[in-house]
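If you read the sequences in order, they're chains R and A.
This note's numbering applies: residue 1 is where the first sequence begins, and numbers increase by one.
This note's numbering applies: residue 1 is where the second sequence begins, and numbers increase by one.
Calculated directly from the structure, the hints in this document are not laboratory data.
All C-beta atoms, glycine included, are put in the ideal place defined by N, C-alpha and C.
Be aware that one or more of the hints could be misleading.
Every beta carbon over 10 Å from chain R, so not counted as near; a handful from chain A, in silico [stated by the list, open to error]:
| hint | residue |
| --- | --- |
| 1 | Ala24 |
| 2 | Leu45 |
| 3 | Thr55 |
| 4 | Asn65 |
| 5 | Thr86 |
| 6 | Glu103 |
Derived coverage of chain A by chain R (criterion: at least 3 residues anywhere in the stretch with Cβ under 8 Å from a Cβ of chain R; other residues may be distant) [what the hints assert, rightly or not]:
| hint | region |
| --- | --- |
| 7 | 10 to 21 |
| 8 | 78 to 84 |
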Amino acid sequence: GENVEQHPSTLSVQEGDSAVIKCTYSDSASNYFPWYKQELGKGPQLIIDIRSNVGEKKDQRIAVTLNKTAKHFSLHITETQPEDSAVYFCAASGVGNQFYFGTGTSLTVIP
Amino acid sequence: NAGVTQTPKFQVLKTGQSMTLQCAQDMNHEYMSWYRQDPGMGLRLIHYSVGAGITDQGEVPNGYNVSRSTTEDFPLRLLSAAPSQTSVYFCASSYHTGPPNTEAFFGQGTRLTVV
């Protein structure tokens, strides 16, 4: 089955700096790569996603890049704000729409 | 439109007790799934369903049963709770069984402690 690895497990940045979280996947059949944000005591919520026919996608301060050849994808958050502090999960999905999640990155934005 | 609703939010069980975690969605989604979240291990798939009457096992199915009698509901049953099942449980649903794969919507979670 699919194996998704995520790094780093914790990340601290100063407010206004950028944050980058990286994930790799193993199954070349995976074709959908969502990123979820989980705030304390809540369920994960989708913040951005990318499909395998696209190399980059941007939504305001958030961007995701995908390198299919290398089987890795990354989340970039620019101009970080304290409300960006949360746990972020990457995931990969392929046949059957099953999601395989990374182990999460706890992001802290220091005011 | 409530999305995905899980009950209860918190539960403490004694070893050997049984219980059912409830999950309901009102988005007419085909695909529903249960995950458990443990520190440092991310979200691991327990069971999933691609439609009413159809269920299948995920990565960590042992000790759990599911059924899907309607499109809306997907309960998770613990037959004989063990301390190793202490975790936070999330139910999720998505529109398609794929392709194209689509966003999964998560409930608020059930925090289960087995003593």
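We went through each hint and held it up to the structure:
| no. | hint | verdict |
| --- | --- | --- |
| 1 | Ala24 | holds, 14 Å |
| 2 | Leu45 | violated, 6 Å |
| 3 | Thr55 | holds, 13 Å |
| 4 | Asn65 | holds, 19 Å |
| 5 | Thr86 | holds, 17 Å |
| 6 | Glu103 | violated, 5 Å |
| 7 | 10 to 21 | violated (count 0) |
| 8 | 78 to 84 | violated (count 0) |
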